[in-house]
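Trainee: Start from the sequences, fold in the hints, and give me the full structure.
Under this note's numbering, think of the first position of the sequence shown as 413, with each following residue one higher.
Worth flagging that the hints you see were computed from the coordinates, not collected in a lab. Hints are not guaranteed to be accurate.
Derived DSS-like pairs (lysine-lysine); straight-line CA-CA distance at most 27 Å [claimed, not checked]:
id	residue 1	residue 2
1	Lys435	Lys477
2	Lys503	Lys491
3	Lys439	Lys491
4	Lys425	Lys491
5	Lys502	Lys477
6	Lys477	Lys425
7	Lys464	Lys435
8	Lys439	Lys502
9	Lys491	Lys442
10	Lys425	Lys439
11	Lys435	Lys425
12	Lys503	Lys421
13	Lys425	Lys464
14	Lys502	Lys442
15	Lys435	Lys502
16	Lys421	Lys435
17	Lys491	Lys477
18	Lys442	Lys477
19	Lys491	Lys435
Pairwise CB distance ranges, derived in the manner of DEER restraints [to be verified]:
id	residue 1	residue 2	range
20	Lys425	Cys449	22 to 30 Å
21	Glu443	Glu496	16 to 24 Å
22	Glu443	Phe499	18 to 26 Å
These figures come from a predicted structure and were not determined experimentally. We put the CB at the ideal spot given by N, CA and C, even for glycine.
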Amino acid sequence: MPKNKTKSKVNAKDVFDRYAVRKLTGKNSKETIDIFCNLNYNNFYNLAQRYKLEERQVSSLIGFKDEFFVETLINQVIKENNLEDRFYCKKITANE
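Mentor: Structure, rendered in structure tokens:
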């Protein structure tokens, strides 16, 4: 009897981690800020359409961008100023 493969449902976090993270990270904090200042939101909506994300998941995709920006920028500033032994950044989330 053949097994039916269940199609795993794609969620916003997986899409963000796979397709957006690499494009949003600069080599330093200035480059990261420039990337986010020139960011085109249509890229996120196109990703959402391509992977058939629901409306709520589209909002999550945009929210992950904001959380990622804050966390990445803080970590880059800490590293650039050689403050790793004094400061660190925990996971940033809008839910806490």
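Trainee: Taking the hints in turn, state whether each one holds.
Mentor: Going down the list of hints, with the structure as the test:
no. : hint                         : in the structure
1   : Lys435 to Lys477             : holds (11 Å)
2   : Lys503 to Lys491             : holds (16 Å)
3   : Lys439 to Lys491             : holds (12 Å)
4   : Lys425 to Lys491             : holds (26 Å)
5   : Lys502 to Lys477             : holds (16 Å)
6   : Lys477 to Lys425             : holds (10 Å)
7   : Lys464 to Lys435             : holds (21 Å)
8   : Lys439 to Lys502             : holds (21 Å)
9   : Lys491 to Lys442             : holds (13 Å)
10  : Lys425 to Lys439             : holds (23 Å)
11  : Lys435 to Lys425             : holds (15 Å)
12  : Lys503 to Lys421             : holds (25 Å)
13  : Lys425 to Lys464             : holds (13 Å)
14  : Lys502 to Lys442             : holds (21 Å)
15  : Lys435 to Lys502             : holds (22 Å)
16  : Lys421 to Lys435             : holds (24 Å)
17  : Lys491 to Lys477             : holds (21 Å)
18  : Lys442 to Lys477             : holds (17 Å)
19  : Lys491 to Lys435             : holds (20 Å)
20  : Lys425 to Cys449: 22 to 30 Å : holds (24 Å)
21  : Glu443 to Glu496: 16 to 24 Å : holds (20 Å)
22  : Glu443 to Phe499: 18 to 26 Å : holds (21 Å)
Comparing the model with each earlier hint shows no violations; every hint is respected.
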